[in-house]
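Single-letter residue listing:
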Amino acid sequence: MSLKVTLFGGTGQGKTCYTLALLYMMATGIEGLRIEAEDADTATKYLNPWRDFVIGRKWPAPTMGRREDVFTLLFDDQKITDFRWVDYQGGAINVPADESDEAAQLHADIQESNAIIIVADAYTIAMRPAIEAEMLTSSTYIYNLLNNYKFKPNLAGEGIGGGITIVLVLTKADALPEEYKAHNYEELYKKARQVFRGVVDFVEKERRKTSSLRPWLYPSAMLPVSIVGDGRAQVATEGEGYALASFNLVAAPEPVDVHYPFLYAIGNELDRTALVLEEQADDLEQRLEKMSSNVLKRILRGRSIKELHAERRQVAETLKELEPQIQAVAGVANKKMRPLVP
Amino acid sequence: MMQIESFLFTRNQRQDFTAFVRPAAISNRDVSTIANALNAINDVERLTRAFPSLYGFALSETVLFFRHYDSGRRHAGRPISVVEGIGARMTWARHFARALPYLLAHQDDVLNIADGVGDIETLTPTPSPVREMPDRSAAIDVDDTAYIEDFLVRRQAERLHVPFDRGGLILLAGALAEPRFASPLAFAFGTNGDVIAAFAARGIDFDIIGTFNAEQACFRSRETGQKTGAVNLPVIDESLDDTRPNAPIRIEDTSGVMSMRAQPPRVQASPAFYTPPQIEPIELPPSGGAAFVPESERMLTMREARRQSQASSQADVPVEPHSTFDPFAVLRRIVRLLTGKRD
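Protein chains in written order, with this note's numbering: chain A, 1 to 342; chain H, 1001 to 1343.
Don't read these hints as lab results, they were simulated from the structure. A few of these clues could be false.
Stated by the list, open to error - For the chain H half of the interface with chain A, some residues (derived, Cβ under 10 Å), not all of them:
1. N1039
2. V1044
3. P1125
4. P1127
5. A1290
6. L1300
To be verified - Okay, the calculated beta carbon distance ranges per label pair:
7. A:Q78 - H:N1213: 35 to 43 Å
8. H:A1311 - A:E132: 30 to 38 Å
9. A:T318 - H:P1294: 26 to 34 Å
Glycine included, each C-beta is placed from N, C-alpha and C at the ideal position.
Throw the hints in and build the complete structure from the sequences for me.
Pasting the structure below:
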């Protein structure tokens, strides 16, 4: 099994830092969960800029292109799943596909992704007027892409079984004024929902009973995270116009909560696999019941029944294997993440 | 006269990395190739305009010569790099290759595109105008030309690796000035293995590579990367004022001969890339982060949400009102009638 997770968001929102911190944290493992790159060089490629960040106290240079790497997620050294991690330059969102190769690839990646992680700067969301925060986080552009490639096709019945896990990572949460941190970030969540209302509204509508889609197909959640930890970065310049606020690192970074959004994305996509298997099992059950009810058919189709039983057994075994993995990955993350739709 | 076009790839506050100026034959995919490869340079601040990374190779229908360095501008506190240079159609490849030593010596002028486009913050993408450049050539006076003779023989199977300093630059310039190479040399000077690998994925194979970590010049097998021969670094001229390893690229041009002997050698150890800021100790509050929520409030997985939804749908099914018909009561009544008993 291989999943594709695409990380994107506006320029300067913290995608690269988030990726570096996540891969650093998960390289040695958290709570038995660990990420392994497909080869040693790939890991080095991510660890080097993280080392430069920690020791040199300098933010990584802005991403200029697209980066895709393959990793394996392990639990107690047992493989859970392979996943493809795709990271983008923020500007790929705001450019028409015919003007940039990255933009064209981003469109394709979104279509192919099992899960997407949207990275947005919590400080911008909190401190700038909502309409400016929308533009600076590119939330409207993000909704536009998701709507075109994931929401609309499903509503039109083209990908009815599809769905996607949506995770909103609110970076730079350490720099937030206290009122946004109070009551477990209640104010921040409120403003983030306003800024990302396009996505929030879609998920909300889709969950209504009148929706043509099955309401559980779009698991979506958010979480504030910090790459540096509370009090370890200070605002150097406040943002104005196109310029975002800048920060100075004043102490060694200690990432906070960076792994939960990732585990939520992977855990829910594993759960989607289990969901499909459960539906297969239900279907097999129904077919068996129908066959069993007719004695003559049962005699005539004994072989088919045997095959169905074998298939059902196999599905059940796969589900049994999957269950502890889902528990390991999603169990903790789902207790930390907060719903996109309250 | 050779026809050249300009290339400028950078970002401003408003627009992310974009080819603001590019030769007509350079496609989006070509721009992406350069961007993805140079994205592997983590520490762009080590690359200055005076001593930038230098790349020369053919991409699609264009031969390019460009530099990569830190512009000094910042976005959200991060350094913004600039990739700028010139390109010529493949039909000019020979002229272009002959001019490279001259262009290299005058890189600060000929590759300087950013200064000619006006206010970078208001820039929008435009196609490059075609300019005419007189044919240039230059001889490079290198003390020891043995490595060039060697490279002429080895090139097919080996690459020349040089350090990213003035010694390495002299070796690069010397090789570029050699007219006997059967085809123009492709080079990446001031780079790392990830950049080289990314370009290789697009079929760009360099002949001369100057990596940040290289301390000695040598030949390496193209196939295995193993060292196959040593190369002496140029002689030191102590009379030079500026003997820093990354002193500005400036080469004296006397009577058409560029003297590159007057370059200092690479000094031991790479420059200090980082000068950690002086930090006042501060009182750190306890590490923050969002709180875990009680089990009853945790996010549901898809299957849990489906089960909950199905359970709620079943609960919503209108329950038929209780029937007043009680078969036992009727039965009791019949028995009473038959036995003649009364309540």
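Status of the hints after comparison with the structure:
no.: 1; hint: N1039; in the structure: holds, 4 Å
no.: 2; hint: V1044; in the structure: holds, 5 Å
no.: 3; hint: P1125; in the structure: holds, 8 Å
no.: 4; hint: P1127; in the structure: violated, 13 Å
no.: 5; hint: A1290; in the structure: holds, 6 Å
no.: 6; hint: L1300; in the structure: holds, 7 Å
no.: 7; hint: A:Q78 - H:N1213: 35 to 43 Å; in the structure: holds, 37 Å
no.: 8; hint: H:A1311 - A:E132: 30 to 38 Å; in the structure: violated, 43 Å
no.: 9; hint: A:T318 - H:P1294: 26 to 34 Å; in the structure: holds, 32 Å
Of the numbered hints given earlier, the model fails hints 4, 8; all others are met.
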